[in-house]
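Work out the full structure: start from the sequences and follow the hints.
Residue numbers (the numbering used here), protein chains in the order written: chain V, 1 to 490; chain L, 1 to 576.
Some clues are possibly wrong.
Some chain V residues close to chain L (C-beta under 10 angstroms, calculated; not the full set) [stated by the list, open to error]:
(1) H148
(2) L165
(3) D166
(4) F170
(5) F244
(6) D418
(7) N419
(8) D452
(9) M455
(10) P472
(11) R473
These are calculated hints, taken from the structure and not from any lab test.
From the three backbone atoms N, C-alpha and C, an ideal C-beta is built for every residue, glycine too.
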Amino acid sequence: MKAYKFIILASVFALLNSCGVPDADKSIDSYPPIWPDYVGVTVPSAIAPLNFSAAEGCEAEGIAVSVCDEGGSKLISLSDRETIKFPLRKWHKVLEANVGKSLSFAVSIKRDGAWTSYKPFSVEISADPIDYGLTYRLIKAGYQSFGHMGIFERNLTNFRQRTVLDNKMFDAGCLNCHTSNRTDPSSYSLHIRGDHSATLLKHDGQTECLNTTTDETGGFFVYPSWHPSGKYIAYSVNKTRLSFYTHTDRKLEVYDQASDLVVYKPETHEVILSDLVRRKDRFENYPSFSADGSEIYFVSAEAGDLPKEIRGNQYSLCKIAFDAESGRFGDRVDTLVNGPALGMSINTPRPSYDGRFVMVAAMDYGTFPIWHPEADLWLYDIRTGDFRAIDEINSDCPDSFHNWSSSSRWVVFTTRRDNSLYTRLYIAHMDENGHFGRPFLLPQRNPREYYDQLMYSFNTPDFTSAPVGLNPRAARKMLLSTDRTRVRVR
Amino acid sequence: MKRMFTALFALAVFLFWMLVLPYHVLYQEEIQIFPYTWSHLRQCLAFPGGVASYLGEFFVQFFHVAWLGALSLAVLTALAQVQSWRVVRSVKADADNVWYPLSFIPAVCFWAFLCDAGNLVSALVAFLLVCETAVIVRKGKHGKLWVPAIALAYYLAGPMAFILVLVPLVDIFTSDPAKRAAKVLDAALAALACGLVAVLSTVVFTQYPVKSLLCGVEYSHIPGQYTASFWTSVISLPAVLLFSMLPGGERLRKKTRIYVLAAFSVVISLASYAYVRKHCSRDLERVYAYDYHAAHRQWDKIIAMAEKKTPRTPSEVICLNLALVMKGESGDRLFEFFQSGVPGLFPNYDTYVFLKFTGSEALYQAGLLNMALHYSFEAYQTFPGGRESARHIKRMAEVNMIKGTGDVAEKYLKVLSRTLFYGKWAKRYLQDQSLMLEDAVYSRLAGCRNSAPDIFDDMYDFPKQAILRSQVAKSGKADESYHYLLAYDLLDKDVESLASDIRLAKIEGPVPVLYQEALLVPWIASGGKADYDRDLVSDMVLSRAQAFAEDLQTGRVTSYMKARYGKTFWFYYGDK
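Here you go:
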């Protein structure tokens, strides 16, 4: 009799603790329609809770989830009318206990008073660490005016977002092109356009405002990339224009009518030039130092009469050597991937910090991928020269601006896959062989409400290994003053 | 008696907003949005004065209906008067009723303050919250309460809370000399609290300029810009408070007191009238009215307004021309009114925000969808203060539905679906965007999408004439786009283009007179030698052209020509 009671109790316990679904009226052998779609994603152990709701169109009256480990033990069980919100501490406890393993999420959705259970999906908890957080710009998805925008930092372990700099502080200038040195915000470059234009540079514990125009270089410094030593920054100098499509589904085209590369040495305020990357017959753009700093990757296109010849404006992936000791460019430019030969335009090269790959955005033509629906992310293997579209993470909408984590195992990129206008941030894991896991949308406390109501696009995301620590008020004071350190050509 | 005064005052405010500036009220609602979401509330709770801002936006949503807006403003303004008197009474319980009319001054100041479209209702709400705080603390009769009260009021209402420091200060002068030392301590504590709150706010809210933290983050559309009417409103309560502490007419006889009170009331009423009138712009109201009618497709009202008084501002002219095109009258009546060239049809891109608002209406109705979206978006994006705008979010939803970019439209519809007045409309299309084809305007505009080749220009603007021409050539219909194209040719004095553009579609019925006049311009210029399109020109117009040519040759004075031909295309064509 005792044995019989024990068996019943054990069965009840097992039933309660098993990774089944909550009492369901029926079950379906397909993955649950949830949003954000976290089915089969790979996440870092430090990531904020992957809260989610039933996908739109489900007309769900309730949603429930049971999270189980690989052994089938139920770790978290939750239900809600609209959104599953995991408790922060418990979530992290569960993830930390399952690093390198997968968690199973069994979801049930209530409709018309009845619960339907779905096939459980797994989420891989990667052992590869991710940085403290992200920095990004939030901007209204507009055209050309400088409306409200700001640079923000987001702690990846929770949902906290902090303002790094808001343009309301200095009469609505344009904040863009913020870049730290390999995710280390102690070296930080931020370009501001508008009435108070300047390049705000933080390095060696100092912050200064630069006037980066010179007679020789023409315009302001635009797209930056830090040398790993922090002693140099490669910049592009662009004469950028906008044009508008009239009736096509495309809205606008951002292009350069001239662009060159320079290297800036903050210590001496010197600009280093090379005729090889300042050619009149070519547009050079998006410089990016290699992992060891010995080379600069960039893109280059034949100079054309733009916008008339916009469809022939195709960039190739190139590199040029750079000697940090002497501060000199190499004596030749190598073309790594010939864009026009492949019928594509290659942009925004970002070498991984381990020196293995260069990730780029590629589209049919032009130099500004976010307005190109066909823009995709591609991967160039530095060792083998292999060049492939990263189909694991690409979508039918623009997938573009990207950056690596300091471990070179995670990539953050912008995409319009959820909505063909408003860009959002997705994070993807890459294994040691260069294969990517399914990307996931940057988690939010209530993702449905947050993303539905947010009238801003995310862009220029980058990982940051620590809070940026820029004092907005001090930065404002500097920007509003007319004091600018002038750079000079060496 | 007091209640009656307050009620009369509220009625006056209501009638003012209802009859004098109703479009100002409607405009205020169009340039904000109040979504019922936690995220919006959280956003507002994240800065000092955010609660006042949230409540202000809550009230402004009712401005969607003019009378509801006027009622909300009347109630809030009347409350400002009631609260002012309550504060006076809380400081000096036996304040003489002779001073009662003074309590209307802060309310009148806010009334005038809100006549400026750049100012926000949240400032008035902040004032009410601060008054209530003062009354509650005074009831508590505990001086130490000023410290937490000022901190809390600062969080709820913003720096308007700093006027609270005046209450314990006034207390010093009105209190019993024996208790004066304690009152001095209270005032010192309150002043210290203000100082501490000010310093702390600059440390905590580093993303805001110090000026905004000390003068108000959300009291005006442009943070950091404060008008004279703002400062007058801020200092009005302290001024009233100080005045009310003066000895009143207790010693006067009852009848004399009534006369004094009446005289005082009359003086304040007249001063209030003058002050509000000074801040009330009828010209701007007319501009808002034109814009509102254009946005709500009330073409007859626009034409009726123009017939009463010829519009002259760019925005009014754009609305009038839009109405004339939409009513099919542009070909006959365009030059009955003042014209300022092609910018009177569509503004150049490089213009001020409000004109882009209005301009996007004309572009939208003309079927220039990408441009309409562009102008609307830029106007919305560059609107001072970076606030969201219900009208423009709706326009973006509409254009994206029409263009077939449903996923983008859905984004805007979702935002609107969380609002009180746009929710029903948005939810309808959220369920099924194809329902837009049931709407005549949406359906017509859907025919305009992708109808032109991919014209790509290197200017910061669009080749509007070429796009219209391409659109009309494809549709072959004498619709609104067609009449816009011909109006463009007329206003551009481009008779050569008009002669070919008019053939792009067949006009049902008589050809509008102005088109005929334009077709006859080469004939007049050549002294009757050049040929003209005999199919399209009537004998009546031809005989007028002959008369015009004769008058021109005989060198008639301009006043004569204007009186006789001022409404013709010929006069506009020859006008420098």
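Evaluated hints:
no. : hint : verdict
1   : H148 : 3 angstroms, holds
2   : L165 : 8 angstroms, holds
3   : D166 : 5 angstroms, holds
4   : F170 : 8 angstroms, holds
5   : F244 : 6 angstroms, holds
6   : D418 : 8 angstroms, holds
7   : N419 : 5 angstroms, holds
8   : D452 : 5 angstroms, holds
9   : M455 : 6 angstroms, holds
10  : P472 : 5 angstroms, holds
11  : R473 : 5 angstroms, holds
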